[in-house]
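*Asks:* Here's the letter readout for the chains.
Protein chains: 2
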Amino acid sequence: MKDTFTIGIDLGGTNLKGGVVDSSGRVVVRQNIRLGSDKSVDKIITYITELIKRFLKSTYQPIAAVGCGVPGIVDMSSGIVHHSPNLPDWDNVPVRDQIAARIGLPAILDNDANMWAAGEICFGAGKGCRNMVLLTLGSGIGGGLVLNGDVFRGDEGFAGEVGHIVIDPDGPFCNCGGRGCWEHYAASRAFATHALKLPKGEFSALLARAGGNISHLTPELMATLAKNGDEVAIKLWHCFGRYLGIGIATLLNVLGVETFVIGGGIARSFDNFSAATRDAVLAHTYSHHSSKFMLKKATLGDDGGIIGAAVEASKRLSTLKL
Amino acid sequence: MKDTFTIGIDLGGTNLKGGVVDSSGRVVVRQNIRLGSDKSVDKIITYITELIKRFLKSTYQPIAAVGCGVPGIVDMSSGIVHHSPNLPDWDNVPVRDQIAARIGLPAILDNDANMWAAGEICFGAGKGCRNMVLLTLGSGIGGGLVLNGDVFRGDEGFAGEVGHIVIDPDGPFCNCGGRGCWEHYAASRAFATHALKLPKGEFSALLARAGGNISHLTPELMATLAKNGDEVAIKLWHCFGRYLGIGIATLLNVLGVETFVIGGGIARSFDNFSAATRDAVLAHTYSHHSSKFMLKKATLGDDGGIIGAAVEASKRLSTLKL
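Taken in order, these protein sequences are the chains called E and F.
Just so you know, we're using my numbering here: the first sequence kicks off at 1 and counts up by one.
Just so you know, we're using my numbering here: the second sequence kicks off at 1 and counts up by one.
If we strip away everything but chain E, and leave its shape as in the complex, we get:
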């Protein structure tokens, strides 16, 4: 049987990544573009279509379709981006059809975490599972739910907004309009959230290490401090891990899904938080799960979004049309 090639595109906040992917999930060509400061819809769509055109010119393989993952809430069936927290003018824009029209190929569009989840279940950490939740830990918490073997998208693509699980209804305000959302307790900004509850002496010492600026308490700095044995940093990673586990416990109780895969920049510090996460999950779920619950690092790494987007496009070839 002839191999089928599709293009996967993964749009991030600062980078655009793309690749040509074969049917075994191998990225045969890849490219990474740094985005400029202009993040208007038209500019980004131009970046995406130019990258696709470059692939079409440079590869010998015939390309069947394009899959495109973007950060934000996407209605896959209509190809419309409802909302994107980092791309303010992406408000109910029919992005998929604009891309397809410019490149002359069928395209699909979905949320980036959904695409990545599709990649991990086919070729990564979720291989062989029927159900899996991918959590991407970065400036927020993205979620991709794989239920009964397929990405579950909910009404109009709003499923997987797990970063807005309510942890504390009176907690800090969130850009979703709510308060005390999970991503304030278990994503980049969590270290600032938890630091504010430290005893005064510990807080001052930690703040000094961040140059006196609480917003400098990044996962990268916290990882360096923990590596050097800083006890306050180790304590905050524990706190981060615990709150990650509290949200996962809620997901496990709701979905009955036992495999959780962690991706995103903060997954690099997996060993700093995973034990606390596991403890918190088991403390807040039925004991049945203690032998079944799996917490894993994503294995597709930087290529996850590309591979997943290409896989999802490839799965839909028979129904896609231009």
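Treat each hint with caution, since some may be false.
To be verified - With the Cβ distance kept under 10 Å, some of the chain F side facing chain E (calculated, not the full set): (1) D22; (2) V41; (3) I73; (4) R153; (5) I167; (6) C176; (7) Y243.
As the list claims (entries may be wrong) - Quick list of simulated restraints, FRET-style, between CB atoms: (8) E:P85 with F:G171: 29 to 35 Å; (9) F:E220 with E:S77: 44 to 50 Å; (10) E:M294 with F:A101: 34 to 40 Å; (11) F:G301 with E:L35: 53 to 59 Å.
I should point out that these hints are in silico values taken from the structure, not numbers from a laboratory.
Yeah, the Cβ is synthetic: ideal placement off N, Cα and C, and Gly gets one too.
Use these hints to put chain F onto chain E, whose structure you have.
*Replies:* Same frame as chain E, now just chain F:
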């Protein structure tokens, strides 16, 4: 086409209900049995099979299969009850096969909220929806998730344990082994939980109305007090509604499902809490949902579990065997 008849059984904590249901969801015969104090596996299975045999004798219609909803965590594919909070010795028991063997008919077994959800999506408040969450509010919070038209059961039937969404990780201990579970804030015992945070004067006045016993702050008493204009009772219903909404917001953000159907005894007081619930949901989710979110009362009432169990059995006729 000839009508198909199935039997639906709905096992509760104190009653066993059953009925013969036609393919339009109509209950043509029904019966209700009060359970005795002996809740051993064998005794309950005898109750169930005797009731089924009575239906088989008394109805002229040929019965194709039996569906049985039970309170607890059930692996539908194996027919095993993992765990039931109200039936302590129901621990990894192959209940389905015991029933099927005794009645000589194919049977399916599932969690009662799942069965009811199947009924509401086919013939009740969720009719026409692709996605729906049923919440049963009683001594706990049961959940039935209908995703892409079917009940979603998760790994080994553990989906829908929504009563254990973590509301406060340092909150009251729960029989699931966790702490601060949702059902402490938005089911029967919620009134005691919230009363403890009242100002002293209000607490004392309310306690006096409950005969000095905090465990008498039942939904029934609270409904009567609210009806009579008791301001503290009205305030606690508001609190109940708010916490119901906080959990629903989490479910909405995770699942992207916009239709929530409320059943169970406390649904009778829907008007006492639903406005506060709606406000809390909209305060903790994207503004997109404000025009889409639907909070409804279940419409199948006491027959919901019977109809749903019969529907699920009927849907599986082609794959069921004895």
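*Asks:* Now look at each hint and say whether the structure bears it out.
*Replies:* A quick look at each hint next to the structure:
The beta carbon of D22 of chain F comes no nearer than 29 Å to any beta carbon in chain E, farther than 10 Å, and the hint placing it at the interface is violated. Checking V41 of chain F against chain E by beta carbon gives a least distance of about 18 Å; that is not within 10 Å, so the hint is violated. A least Cβ separation of about 7 Å between I73 of chain F and chain E falls short of the 10 Å threshold, and the interface hint therefore holds. Hint status for R153 of chain F relative to chain E: holds, with the closest Cβ pair at about 7 Å, below 10 Å.
At a threshold of 10 Å, the smallest CB-CB gap from I167 of chain F to chain E is about 8 Å, leaving the interface hint in force. The beta carbon of C176 of chain F is positioned within 10 Å of a beta carbon in chain E (closest approach about 6 Å), and the interface hint is therefore held. For Y243 of chain F, the shortest C-beta to C-beta distance to chain E is roughly 8 Å, which falls under 10 Å, so the interface hint holds. In this structure the supplied range 29 to 35 Å holds for P85 of chain E paired with G171 of chain F, their Cβ-Cβ distance being about 30 Å.
Evaluation of the 44 to 50 Å hint for E220 of chain F and S77 of chain E yields a pass: the beta carbon distance comes to about 45 Å. The hinted window of 34 to 40 Å between M294 of chain E and A101 of chain F holds, with their beta carbons roughly 35 Å apart. Here the CB-CB span from G301 of chain F to L35 of chain E is close to 56 Å, well matched to the stated 53 to 59 Å.
In summary, the numbered hints that this structure violates are 1, 2.
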